[in-house]
Structure formats: C-alpha cells, structure tokens
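> So the chains spell out like this:
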Amino acid sequence: MTTVKVRVNGKGETKDVEPRLLLVDFLREELGLTGTHVGCDTTNCGACTILLDGRSVKSCTMFAVQADGREITTIEGMQDASGELHPIQRAFWENHGLQCGYCTPGMVMQAAWLLRENPDPTEQEIRLGISGNLCRCTGYQNIVKSVKEAAKAMRSDGKGRR
Amino acid sequence: MLPRSFQYYAPATIGEATRLLREHEGDVKILAGGMSLIPLMKLRLASPGHVVDINRLQGLDYIKESEDGRALLIGALARHHTLESSPLARKRVPLLSEAAGSIGDPQVRNLGTIGGALAHSDPSGDWGAAILALRGELTVLGPSGERRISIDDFLVDTFTSALEESELITRVSVPMPPERGGGGAYLKLERKAGDFATVAVAAQLSLEESADGYRCTYAGIGLTALGSKNLRASKAEGCLMGRRLTTESIAEAASAAEMECAPTDDPLRGSAKYKREMARVFTRRALELAAARARGRRGGPAG
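So the sequences go chain by chain: Z and V. According to the numbering used here, the first sequence is numbered sequentially starting from 1. According to the numbering used here, the second sequence is numbered sequentially starting from 163.
Keep in mind that the hints were calculated from the coordinates and are not lab data. Ideal placement from N, C-alpha and C gives every residue a C-beta, glycine not left out. Each hint should be verified, as a subset may be incorrect.
Said to hold, decoys possible - Derived DEER-like restraints, expressed as beta-carbon distance ranges: (1) Z:53 to V:404: 48 to 54 angstroms; (2) Z:29 to V:353: 22 to 28 angstroms; (3) Z:152 to V:421: 48 to 54 angstroms; (4) V:458 to Z:90: 43 to 49 angstroms.
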C-alpha cells in the first residue's frame, strides 16, 4: 500500500491505496465522489475528466498514487460554498446542454479548462476543445451552445477563474 | 479495468530513477505521461512488476533555445500541450507545435510527453515523423552515463527503440530552422477527431531565393503510420535537396514517398494501397504548405 495525500475540491484527504488503483476509482470508491463517471475506461470518452492542478485529465488513465501532493477538482467542487451552480453548470442547464447527463460532468470539467485557456473561444475552438469528450445522445449542438454561453457569462461576471 | 499489481516508485532525482531501472531490469517500465503505458497495463498487454514514475523529476519539462541559438532543446517531460502552445516553438519550429496539436485529444495532450511518446516508438505516433523531418537527436541517460542518438538510429522497429531498459530519455534537440526561408508542416489524415493517423506527413524545407525562383537547401520528410516505424522518406528528400523547388519537383518527391513507404493493410484505417496513395497526396500537400511558409507566408500552425 502507498499513502496518497491530495486536496480534493479544497478538502485534504489521506488514504492508503494499492498503486494499481486508478484515480477515477479512488475518487468514486474511496472518497464517494460519484459525480465523476466511468464511461469507456479506455481514454476515449472523457466522462472521467477532472482537473489536476488545473489541467484537465482523464482520471481513468492515471493512478491515484500519481496524484499524491496535488490538487484535484471534480464536478462536486464546481458549485460555490452557498450551493450556487458554477456558470458553466448553469449554462448547461439553461441551454439544454444535456440529455441523459452521463457525459455532463466530464463536459463541464473540460469546458472549465478550455475557458481558462481561452476565455472567448470560437465555435470551432469549442468543438476542438471538447473533442476528447463523447456524448452518445449526440447533443453536441447544445453542448457547444452551453460552453459559448458560459464563456459569455464568465467574461461578464469575472468568474473566469477556477 | 485493473492492471496487475506492481511496485510503485516516484524518484526525486534522475540518479535514483536510473538506479531503480537498473535494479529491476527485465521487469520495469518508466511511467511518464502514461497515455500509452496505462491503457496497455489495464488491458494487461503490459504487466511490469515495477513502475518508475518520473513525473517528480524536476527541470525536465523545458522548451528553450540552446545557448548558441542553433538548436531548440526540449526536456523529455515536456507535455504535448506545452509544445502545442509554446510561443517559442510556435514561432521558430511550427512543425513541432502542429504535430503536438494533432496528437490524441486535449486531455491526452495535457499529460502525454514527447519523451514518453518517442520511447514508446509507435509507428502511428506523430513525434517520430516530426523529429525525423527536423533531423533531431535524443539525449539518453543510463548507468554508464549519457549518450546522444540521432532520431534515425533511435527508431528501430515497431514499439522498439535503441533505448536500453535502464536508460531514460532526458532531452530531444532539433536544429533550429533558419528564421528566413525555413518552413515546416505536419499534416494528418484521421478518421475522426483524436484518432491515430491513417497517414501523416511531416515536412520541413529551407528555401533560398535565386534568379529563377527558389532553391531547396534543406528537405526533411518523416512519415507516420506508413511502415513498421516512423520512416524517413529519403528518396523524396533527394528529389528536392539542392534543386529548384517547383510544382514538378514536389510532385516527384510525393511519388517517391509513395514508392518508398511500406504500409500494411489496416482493418480500421484502410488498405496498404489506399495508404500508399494517401502518402503521395499528403506528402505533396505538406510540402506545398511547408514551401508556402518558407517563402514567407509563415503564419502559425494550421487548425
């Protein structure tokens, strides 16, 4: 067993884990954060996307031990302390950016990274930015629209960080 | 999916890393970005007993100009995304940024490293072709010290490089193309966003203006997914080097690349015949784009 010390959504966590435990299983099984989904389990679909030290990564393709000492944000960490949705979450809600919702946590986390890199992306840049996230309801039109609207909202209320 | 159990090490120094590699030789893998190794371990196609995570090694993720300005030096742990977005790489060696941006998807590029990708030596990988076109070299460190290997000698065969098991790549260096007259492009044909290349071509040219047009003083062409490893299209390069660059010479080079590549039938990405034909088309297009950039319409990496 190896000890992993991480900050997840601002909260310190320490666990002893097997080195082969995947980060996504660590989040879901050890910490009970089931908002991060396992979709394909093969680095394709992006449902397991989280932020690691601010960079979006697929948590099915990383060992929990690799995250030792690092900062993680999952979908559960997106709303603020008062429970108000993050502008990206709100934009998905308001623009019907989801149908079944399975891909949504990954889409939101990838959008968070994308909008920090590029606060005012074109439609093409959004589509390239979420090219590692699959939606099997084929709801891309509204997902792209949601990201576009989130970008607008975040630029106007200065919530571009996070 | 769960890999087989393994011992995990996260050394803080290169010395410690190479010692661990030596100690567990025969049953050890280096974990860099993990974008190939972890899927292979999950599928149990690879089941090393020991995994040495080199992500804690400091100072191996740089992209900088050499002191004499003649080379671009890239630390082995530089992530694809860092190369894709590096202002220095984009300005001086756009071929590298373009190749980096074509790899996998954004999340994969946030973790995957240039050193890891080259060590993996996947014939469908993009870095081998790009570094071939630039005639780069690798610096590797092992128990007996440091050595430098040209990219041509480094790439041996499918998933096989000249790297010894107890060695790790520390640096990739490429000669800096001339600021005036140099141009490169990486063009990839893929079935869908994020897929491995059906074929891809890296082209780097240097052109000198002469009385009758442009003379080609440097030509580098690397091929992806067109053989048992990333290939140098040396006959195609020979069609261009030292000659006047014309539509005809580019077409001749593209035909040479078609002849000298060695694709095999791929049930997912097309027959050998199709790939050969695409080798010609994409070599021509990559050379045309590289030539346009060399002539001054440089621009940034496309799309």
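> A separate judgement is required for each hint: does it hold in the structure or not?
Consistency of the hints with the structure:
Look at residue 53 of chain Z against residue 404 of chain V: about 49 angstroms separates their beta carbons, and that is inside 48 to 54 angstroms. At roughly 35 angstroms, the beta carbons of residue 29 of chain Z and residue 353 of chain V sit outside the given window of 22 to 28 angstroms. The given range of 48 to 54 angstroms is respected by residue 152 of chain Z and residue 421 of chain V, whose C-beta atoms sit roughly 53 angstroms from each other. The hinted window of 43 to 49 angstroms between residue 458 of chain V and residue 90 of chain Z holds, with their beta carbons roughly 47 angstroms apart.
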